[in-house]
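Student: Taken in sequence, the protein lines are chains A and B. Taking the numbering used here, the leading residue of the first sequence gets 158, the next gets one more, and so forth. Taking the numbering used here, the leading residue of the second sequence gets 7, the next gets one more, and so forth.
Just so you know, these hints were derived from the structure itself, not from any lab. Please read all numbers here as calculations on a predicted model, not as lab measurements. All residues carry an ideal CB built from backbone N, CA and C; glycine is no exception. Each hint should be verified, as a subset may be incorrect.
What the hints assert, rightly or not - Facing chain A, from chain B, some residues (calculated, C-beta under 7 Å): (1) Arg29; (2) Gly38; (3) Asp78; (4) Leu145; (5) Gln171; (6) Val172; (7) Leu197; (8) Arg233; (9) Ser254; (10) Val278; (11) Met280; (12) Arg286; (13) Ala287; (14) Ala310; (15) Asp313; (16) Ser467.
What the hints assert, rightly or not - Using 27 Å as the maximum straight-line C-alpha spacing, the simulated DSS-like pairs for lysine-lysine come out as follows: (17) A:Lys180 / B:Lys179; (18) A:Lys396 / B:Lys179; (19) B:Lys95 / A:Lys166; (20) A:Lys166 / B:Lys86; (21) A:Lys396 / B:Lys95; (22) B:Lys179 / A:Lys324.
What the hints assert, rightly or not - Calculated Cβ distances over 12 Å to all of chain A for the following chain B residues: (23) Gln34; (24) Asn385; (25) Lys493.
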Amino acid sequence: MDRSLGVPKAEFLDSVRRSLDRKPAAPDPAYPRLLDGVSSLQEEAQRIRARINENRPALLDRFAEVAEVRGWNVHRTSDPENAMAHIQSLADSLGVKNAVRSDQEVFGQILVDAPLESTGINVTTVSHGPDRSREFLRSSIIAADIGLTGADYAVAETGSVIVMPRKGMSRLVSVVPPVHLALVRPEDLVESLDDLFLLRRLEYHEKGGEMGSYLNFITGPSRTADIEQTLVVGVHGPKEVHLVLLG
Amino acid sequence: MADIKTKDFSKASAVSILDPQLRRALRQVGTGFDAARRAAIDEVSPEIWDEWREEARRIKVHSLDHLDYYLDLLEQNVTKAGGHVHFAKDAAQANDIMGELVRTRNIKVATKSKSMVSEELSLNPALEAQGVDVYETDLGEYIIQLAEETPFHLVAPALHKTKEQVAQLFTDKLGIPYNDDINALAAAARLALREKFILADLGISGANFLVAETGTLVIITNEGNGRLSTSAPRIHVGITGMEKVIPSLQDLAVFLRLLPRSATGQGITSYVSMVTGPRRADDEDGPEEFHLIIVDNGRSKMLADPDLREALYCIRCGACLNICPVYQKVGGHAYGWVYPGPIGAIVTPSLVGLKEAQDLPQASSLCGACREVCPVNINIPRMLLHLRQKSAESPDPSERSAGLVPNLLAGSYTRVMRSPALLSASHKLGRWKQNVWAAMPFFPFSKKGGMIRKASLPLLSRWTRMRDLPELPKDTFRDIWKKELSKDKEGH
Numbered sequence: 158m159d160r161s162l163g164v165p166k167a168e169f170l171d172s173v174r175r176s177l178d179r180k181p182a183a184p185d186p187a188y189p190r191l192l193d194g195v196s197s198l199q200e201e202a203q204r205i206r207a208r209i210n211e212n213r214p215a216l217l218d219r220f221a222e223v224a225e226v227r228g229w230n231v232h233r234t235s236d237p238e239n240a241m242a243h244i245q246s247l248a249d250s251l252g253v254k255n256a257v258r259s260d261q262e263v264f265g266q267i268l269v270d271a272p273l274e275s276t277g278i279n280v281t282t283v284s285h286g287p288d289r290s291r292e293f294l295r296s297s298i299i300a301a302d303i304g305l306t307g308a309d310y311a312v313a314e315t316g317s318v319i320v321m322p323r324k325g326m327s328r329l330v331s332v333v334p335p336v337h338l339a340l341v342r343p344e345d346l347v348e349s350l351d352d353l354f355l356l357r358r359l360e361y362h363e364k365g366g367e368m369g370s371y372l373n374f375i376t377g378p379s380r381t382a383d384i385e386q387t388l389v390v391g392v393h394g395p396k397e398v399h400l401v402l403l404g
Numbered sequence: 007m008a009d010i011k012t013k014d015f016s017k018a019s020a021v022s023i024l025d026p027q028l029r030r031a032l033r034q035v036g037t038g039f040d041a042a043r044r045a046a047i048d049e050v051s052p053e054i055w056d057e058w059r060e061e062a063r064r065i066k067v068h069s070l071d072h073l074d075y076y077l078d079l080l081e082q083n084v085t086k087a088g089g090h091v092h093f094a095k096d097a098a099q100a101n102d103i104m105g106e107l108v109r110t111r112n113i114k115v116a117t118k119s120k121s122m123v124s125e126e127l128s129l130n131p132a133l134e135a136q137g138v139d140v141y142e143t144d145l146g147e148y149i150i151q152l153a154e155e156t157p158f159h160l161v162a163p164a165l166h167k168t169k170e171q172v173a174q175l176f177t178d179k180l181g182i183p184y185n186d187d188i189n190a191l192a193a194a195a196r197l198a199l200r201e202k203f204i205l206a207d208l209g210i211s212g213a214n215f216l217v218a219e220t221g222t223l224v225i226i227t228n229e230g231n232g233r234l235s236t237s238a239p240r241i242h243v244g245i246t247g248m249e250k251v252i253p254s255l256q257d258l259a260v261f262l263r264l265l266p267r268s269a270t271g272q273g274i275t276s277y278v279s280m281v282t283g284p285r286r287a288d289d290e291d292g293p294e295e296f297h298l299i300i301v302d303n304g305r306s307k308m309l310a311d312p313d314l315r316e317a318l319y320c321i322r323c324g325a326c327l328n329i330c331p332v333y334q335k336v337g338g339h340a341y342g343w344v345y346p347g348p349i350g351a352i353v354t355p356s357l358v359g360l361k362e363a364q365d366l367p368q369a370s371s372l373c374g375a376c377r378e379v380c381p382v383n384i385n386i387p388r389m390l391l392h393l394r395q396k397s398a399e400s401p402d403p404s405e406r407s408a409g410l411v412p413n414l415l416a417g418s419y420t421r422v423m424r425s426p427a428l429l430s431a432s433h434k435l436g437r438w439k440q441n442v443w444a445a446m447p448f449f450p451f452s453k454k455g456g457m458i459r460k461a462s463l464p465l466l467s468r469w470t471r472m473r474d475l476p477e478l479p480k481d482t483f484r485d486i487w488k489k490e491l492s493k494d495k496e497g498h
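So here's chain A without its partners, still in its complex pose:
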């Protein structure tokens, strides 16, 4: 169904214009944050990346610190062996039987499948294809005790891990299982929300206006204070969130 329900757009916008006493026209002067084209966004992105490169060690410290405050259990290591050992001992202490993970680049560096499977854990990689339906993957996620993902970005300002679900990256892996573990590489890091949104804008315009269907900030465990303003962690999302920072 492609047809719009309700009032036709033209009629709705006309009524808004009448309220504003305005003629159909673009804002004049144009809005600065919509004015910049791909080349000026590229220049700005270069400046951002240079700044991050220069300050990376300090930014990684800051990210780790803020993430910890926001409820992540942070483990820092630049040694892949150590990262794998940490994940294995975590899975062991949680009594994990079923794990799901996304199909992202970082799992080419940190090979989690073999060590987890060696302790009898069933690991499912979320990537649908001719032999594996979306329904099968969905039920694997529902049955999982832990979900493992990489990060598309990590924001030092907020301690957030940003995931952008797409091929190989499920929306549900980081929200349905009771425990989420995110692997963050130093190159995923940005300093601020402003950096993140500028880089996203650049990619959007470079791709001719494709945002991807979903972008999610994850900052600590699922929380609520809806009963007597008392904090409870782990309502609908994970109660426990782990972050392995590879640097």
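Given the coordinates of chain A, assemble chain B onto it according to the supplied hints.
Tutor: Just chain B now, with coordinates in the frame of chain A:
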């Protein structure tokens, strides 16, 4: 549209003021939410906070001043991403659109993340009438849905419930053993709703922001129900007011800084989810269809009124409720509709009409605390005064708050205050009356510390029922002035 009980404001507040449990719950909004907000601002520094507020306000002013343009851009970009945009002029039409969507797609079960607009529209009953089982999934909303109540607070809808009441409610409605441990209650809700998320064919969400540049819907949540509602079902429908649109993706940064800190004191919420169209062909999961319903329902009237347009900048953080001396006394339900507190006292009369809600703008001491805490610097007291003036000057008596007698009294007061001779004469008369009454055997006043606490006299008794009246002093200011002036002259 949601039932309007705004006419009962006075009666309902009188009841809530006497409720000891509400007293306890409401005391917490100052010590809980507002203290957390203040701490969060101190952490970033008040100077930076003010810069953020100004930036956010500039963005809102620009967006609303060019709303038609940005709605158009938004619609184009949502459509480009494969989504569908529907425009609704009022509540009935919004519910019709939703009805048509659930009928044509054979929807049986819907999960819903928190949406104040859906409360405004009374969307749930409309869906139930179509045979759809709708589940609120935000814990607070779930509680009030089970209790068949309306939200008590913009951010914490079940703020007024004790854990014992929630435990009893869960026992009655879910058939589980009574357990008033808060962790256990949250776990029970998780369990009950998890199966609904798996079953649901429709996920409904509101929107905190809509980004015109990219056609993106943004929701800011803590529990994870928003992520599940926008990810698990095969159809996602976002439903929201038309004022939520902002121009650029980069405009989001400042709002992500302001909103969580103002609402709960968090530096950021657990989740911020940004939805742009349905899942793409290659995606592993996500809804096959994405629809966005954009609702006017009276907002264009607010837009057209330069004195009220500012209220559309509101980002629904609830900070003005937490600080308001009136909200802290009467709570959310007394306001009689969907939006409580100082911002509700503006939005409600603007959307449902002064005729229904003429008392709400009166429910303020005009202390200005709401404006001080507002993350977009909305001048709430100014608009409350504007609505009071509109109500007082309305040719339609049903739009006026006060009755004939108070209006006559107010008229006489104005005349007296404008004339020094009349003022002096009425003071003398008042003094004399006060003395005569004080000498009477059945003393009609009860006094304390220079205040008349209770006057059992017609007209005066209505005043002193709710507040004290200062006693008329022996000497007026003018008398004292004259006396002191003559002393001064003698001295020199």
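Student: So, for every hint listed, does it hold in this structure?
Tutor: Taking the hints in turn, this is what the structure says about them:
1. For Arg29 (chain B), the shortest C-beta to C-beta distance to chain A is roughly 14 Å, which exceeds 7 Å, and the interface hint is violated.
2. Annotation: interface hint on Gly38 (chain B) holds; nearest CB of chain A at approximately 4 Å, less than 7 Å.
3. The beta carbon of Asp78 (chain B) comes within 6 Å of a beta carbon in chain A, closer than 7 Å, and the hint placing it at the interface holds.
4. Taking 7 Å as the C-beta cut-off, the interface hint given for Leu145 (chain B) holds, the closest approach to chain A being about 4 Å.
5. Against a cut-off of 7 Å between C-beta atoms, the interface hint on Gln171 (chain B) is violated, since the closest Cβ of chain A lies about 9 Å away.
6. Contact between Val172 (chain B) and chain A, as hinted, is supported at the beta carbon level, the nearest pair being about 6 Å apart and thus within 7 Å.
7. Annotation: Leu197 (chain B) was flagged as interfacial toward chain A, and the flag is violated, the nearest CB pair being 11 Å apart, outside 7 Å.
8. With its C-beta approaching chain A no nearer than about 5 Å, Arg233 (chain B) sits inside the 7 Å limit, and its interface hint holds.
9. A hinted interface residue such as Ser254 (chain B) counts as satisfied when its beta carbon comes closer than 7 Å to some beta carbon of chain A; here the least separation is about 4 Å, so the hint holds.
10. Interface restraint check: Val278 (chain B) against chain A, minimum CB-CB distance 4 Å, threshold 7 Å, status holds.
11. Using the Cβ-Cβ criterion of 7 Å, the hint placing Met280 (chain B) at the interface with chain A is satisfied: the shortest such distance is roughly 4 Å.
12. Interface hint status for Arg286 (chain B): upheld, as the beta-carbon distance to the closest one in chain A is roughly 5 Å, under 7 Å.
13. Annotation: interface hint on Ala287 (chain B) violated; nearest CB of chain A at approximately 9 Å, more than 7 Å.
14. Hint on Ala310 (chain B) holds. Least Cβ distance to chain A is approximately 4 Å, under the 7 Å limit.
15. Contact between Asp313 (chain B) and chain A, as hinted, is not supported at the beta carbon level, the nearest pair being about 13 Å apart and thus beyond 7 Å.
16. Against a cut-off of 7 Å between C-beta atoms, the interface hint on Ser467 (chain B) is violated, since the closest Cβ of chain A lies about 39 Å away.
17. Taking the CA atoms of Lys180 (chain A) and Lys179 (chain B), the gap is near 54 Å; set against the 27 Å cutoff, the hint is violated.
18. Annotation: proposed proximity of Lys396 (chain A) to Lys179 (chain B) holds, straight-line Cα distance about 25 Å (limit 27 Å).
19. At most 27 Å may separate the alpha-carbon atoms for a hinted pair to count; Lys95 (chain B) and Lys166 (chain A) meet this at roughly 11 Å.
20. Among the hinted pairs, Lys166 (chain A) with Lys86 (chain B) is consistent with the structure: their alpha-carbon atoms are about 15 Å apart, no more than 27 Å.
21. Distance hint between Lys396 (chain A) and Lys95 (chain B) is unfulfilled; the C-alpha atoms sit about 41 Å from each other, more than 27 Å.
22. Note on Lys179 (chain B) and Lys324 (chain A): the hinted pairing is violated, with a Cα-Cα distance of about 41 Å set against a maximum of 27 Å.
23. At the 12 Å boundary, the C-beta of Gln34 (chain B) falls inside the reach of chain A, the nearest C-beta of that chain being 5 Å off.
24. Even its closest Cβ contact with chain A, about 20 Å, leaves Asn385 (chain B) beyond 12 Å, as expected for a residue assigned away from the interface.
25. The Cβ of Lys493 (chain B) sits about 58 Å from the closest Cβ of chain A, beyond the 12 Å cut-off, so the non-interface label holds.
Violated hints for the displayed structure, listed by number in ascending order: 1, 5, 7, 13, 15, 16, 17, 21, 22 and 23.
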